[in-house]
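Using the hints, position chain B against chain A.
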Amino acid sequence: MRSDQPTNPSIFQDVVLTAPTIRCGSCVAKIERSLTGIPGVARVRANLTLRRINVTLAQADGALQNVLAELENIGHPSRLIDSADLSAEAKDDTEVALLKAVAVSGFGAMNVMLLSVAVWSGASDATRDSFHLISGMIALPIVLYAARFFFTSAWGALRRASMNMDVPIALAIALALALSIFETLRGGEEVFFDAAVTLTFFLLIGRYLDYRMRGKARSAMAGLQRLAVREAWEVTSEGALRVVAADAICPGMVLRILAGERTPVDLRITSGASDLDRSLVTGESAPVAVAAGDEVEAGALNLTGPVDAVALRPVSESFLAMSMRMLAGAEESRSTYVRIADRAAQLYAPLIHLVAFATFVGWSLATGDWHRAAFVAISVLIVTCPCALALAVPVAHVVASSRLMAEGILIKDGSALERLANATRAVWDKTGTLTDGSPVLVENLDATPNACAAATLAAYSAHPVARCIATAQIGPALLVDEVSEYPGFGVEGRINGRRARLGRPSWVADIAGEMTKGDGPAFAFAGEQMQRFPLRETLREGANEAVGALRGAGLPSEILSGDAPAAVASVAAQLEIQDTQAGLTPQDKVTHLQDLLAQGERPLMVGDGLNDTAALATAHVSMSPASATEAGRAAADFVFLREGLDAVPLALSVARRTAAIVRQNFGLAIAYNCIAVPLAIAGHVTPLFAAIAMSGSSIAVVANSLRLNRRRMTPSAPRLQEVTV
Amino acid sequence: MTILHLLIPVTLVMGLTGLGAFFWSLRNRQYEDLEGDAERILHDDNDTPMPPRKETIR
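Line order of the protein sequences matches chains A and B. So in my numbering, spot 291 of the first sequence is number 303, and the numbers just go up one at a time. So in my numbering, spot 22 of the second sequence is number 44, and the numbers just go up one at a time.
No lab work stands behind these hints: they were computed from the structure. Here a beta-carbon is modelled for each residue, glycine too, at the ideal position from N, C-alpha and C. Careful, some of the hints might be misleading.
[Claimed, not checked] On the chain A side, residues computed to face chain B include the following (Cβ under 10 Å):
no., residue
1, A41
2, I86
3, T106
4, A115
5, F194
6, G566
Same shape as in the complex, but just chain A (with noise of 0.2 Å):
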């Protein structure tokens, strides 16, 4: 096995890629050609069920950008994975655990139904005790081994003097197992080996299922912290600079903030001037210019310019360790959420417990024969185990998760389905979420040449509302000279001999000389009228009619943005929201978010940036799209991969279709019971009856959660809409 491996293991190293277009084989086929041949990657393989691809590099350096460029290439795009998410995968022995007891028990169940089959039919005597005595062989050890998961938490619920449903499972199968041994040491006619091994075999695919539907314990609080800065530059009194680590800073230091360094604490800025992404505290995409005597948050992005600034607070009080602890409390009351089969058994399992006793007292006064009372009382108990009951949750659960995998929207954890379908509201984030973010002109540019110089000047910078210009370009290139970027205001050059602005209106106005009105960022030549170019949002696709299927729905939508109030309302206006809240901090997202929680509300959270992050853990639940940031995905519920909203009302009626399917699935299970415990507390149930009936019952469970995929749910064309900022 190790005979391949290099002996020097720093040289080959091992990673991990997602890559979501991965559809075929032919796809695996050409990903992994291609890459075989780049210098430097030792081996390949594509997963087609993961989408993933494991890439084992032969050399540090390079290989990894040549295989990621070719990827991009060739029409797969792909991120690398995080190693501490793949490690959290690799530490989850319990799923391969389950499987092998699924495995253990099917084989017994297979043997052991084998020779209950030939007692039922007819076998006597000694060959009945025979069988019997070979069925309890068969039996014994693997109850043990399969059904330890029930025993253990079974026993930790009774030791926290709580009741789960693995109560009356455990203890329907030990005492199915207790009785069956003790019948066969005294030759008795019944037993119950056959009822113990399926029983054990059946419940076992359900917790199985459920296991696999459990969320991946993962924090949303990993993303965040790595966007703490660890050490900073210090200006010194005698202007010298010098690395200073974040926890020391205090206030009232001088900072340098280099351009493409995030602000280490919450600043106020004393000189220089430029453009900050503060994607993190608005969630706005768009760069804020600031300037001396601004104040600026910790994590914001330094994009064009050095800045130097006094810290205001230590790294402890700053924004960022604020938004950390908020997701740490919002984390903290989501997990009080109980699951509907865990308040299904809550109700259950002390009800059939008060059954069997009171049929054990019942027939011991009646017929004063202890030994039928408890043998009739243990098969009531067998006969009532909740194996439909715990079936019918897990089954419906991963039929949904697998349709709406299939539509390209992932859930995180199975009790977001039950949450999802009770919602009663919808709350968007707008920026990234409603609209997709990038600014674009809300005309194209003719071919004045004022439009021709302002594209050129344009060209010359990296702000995206620059570029956004720049690629508008229709006209030919002009010949620029003497270009220069002024951080947080515009580009400024010679275009053939004479001085020209694009940038903020009232710098060009400079030598514009007068304003002219209208929205966006300007350009004039020197001494000449000004051109306002405006610009807009581009709704994400479907927006309008997801808001309109939620409304359908019975869910009312609102907006709450960090954004400014004239750019909410234009949103909220096109998709006819009345409310709207704008220029929230996170801060008070979660506030609004606990308001509605506290007044009885259930809204859904739909947002991506990392100032939603505390807001989507808030939420009663939460989507986000699979281009927010990566706390916010992992905070969130469900994720999509899709680029249309349309994926948000589909979840809702998938959830919605699953929630009635669990309700239907309850109702076969008390059906069933209403007839078999009749029957059991009768002392009519033969061993024969009981497998007969509970395979019954759980497979009438899984038929009609398997309904669930039947209709094919064709999601609503999406289209391109627009709306002015």
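Chain B in isolation, oriented as in the chain A frame:
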């Protein structure tokens, strides 16, 4: 009825063989990429075996 003394052990052995085969396939990562394996048979050029299981400290 003596045939039972033969048949019951045979049944058990056959069942255990199947169980052992399942455990082997589970350990050998045969279920990692079911969809991909179904497609791979259609492509001539990638007949490389799966990479060996990574050595882990157990």
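(message) To test your reading of the hints: which numbers does this structure violate?
(response) Going through the list in order, the structure violates hints 2, 3, 5, 6 and respects the others.
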